[in-house]
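Visitor: Sequence:
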Amino acid sequence: MRRAMQEHTSSWQSRLPHLTKPQYAVLNAIRANPGIEQAQLGQRAAIDKATLASLLVRMEQRGLVHRTVDDADRRRRLLRLTPIGEAELRVVEPIADRVDIELLDRLTPAERAELLRLLDKLAPRDRQVN
1 MRRAMQEHTS SWQSRLPHLT KPQYAVLNAI RANPGIEQAQ LGQRAAIDKA TLASLLVRME
61 QRGLVHRTVD DADRRRRLLR LTPIGEAELR VVEPIADRVD IELLDRLTPA ERAELLRLLD
121 KLAPRDRQVN
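Quick note: the sequence shown uses my numbering, first residue 1, plus one each step.
In short, the hints are calculated from the structure, not lab data. It is possible that part of the hints are untrue.
[Said to hold, decoys possible] Dumping the calculated EDC-like pairs for lysine to aspartate or glutamate here, alpha-carbon to alpha-carbon at most 16 Å:
id: 1; residue 1: K21; residue 2: D100
id: 2; residue 1: K49; residue 2: E37
id: 3; residue 1: K21; residue 2: E7
id: 4; residue 1: K21; residue 2: E93
id: 5; residue 1: K49; residue 2: E7
id: 6; residue 1: K21; residue 2: D97
All values derive from a computational prediction rather than experimental measurement.
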């Protein structure tokens, strides 16, 4: 597993050096859920609170995301992609998909399905991230 992740990470970094995989996950989660609350975003992107907070600061400084205070509950922060974030996602998405495809192309469709099933068993999407 470690070697496969190393290869994936190396391929990612060589093609998308300006965007980390967690940042990509955040952009995708916000695009799918505009106005998502910060705590929900952490669960959707599988990122813990502390990491997400610092990640969002950097992404906001780059103009990729915009945080607003929820008028109904001032403790909540709602997130949206900026036009820059939307444009960035449109550019990087096919590249990110290609990185995944190049790794998974070594497997048959049945092997891919089995791999994804096993990975989901190891790290279910609905599990709370600390």
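Visitor: Are the hints correct? Go through all of them and say.
Guide: Now for the hints, and whether the structure bears them out:
{"no.": "1", "hint": "K21 x D100", "verdict": "holds (12 Å)"}
{"no.": "2", "hint": "K49 x E37", "verdict": "holds (12 Å)"}
{"no.": "3", "hint": "K21 x E7", "verdict": "holds (13 Å)"}
{"no.": "4", "hint": "K21 x E93", "verdict": "holds (11 Å)"}
{"no.": "5", "hint": "K49 x E7", "verdict": "violated (27 Å)"}
{"no.": "6", "hint": "K21 x D97", "verdict": "holds (12 Å)"}
In summary, the structure is inconsistent with hint 5 from the numbered list given earlier, while agreeing with all the others.
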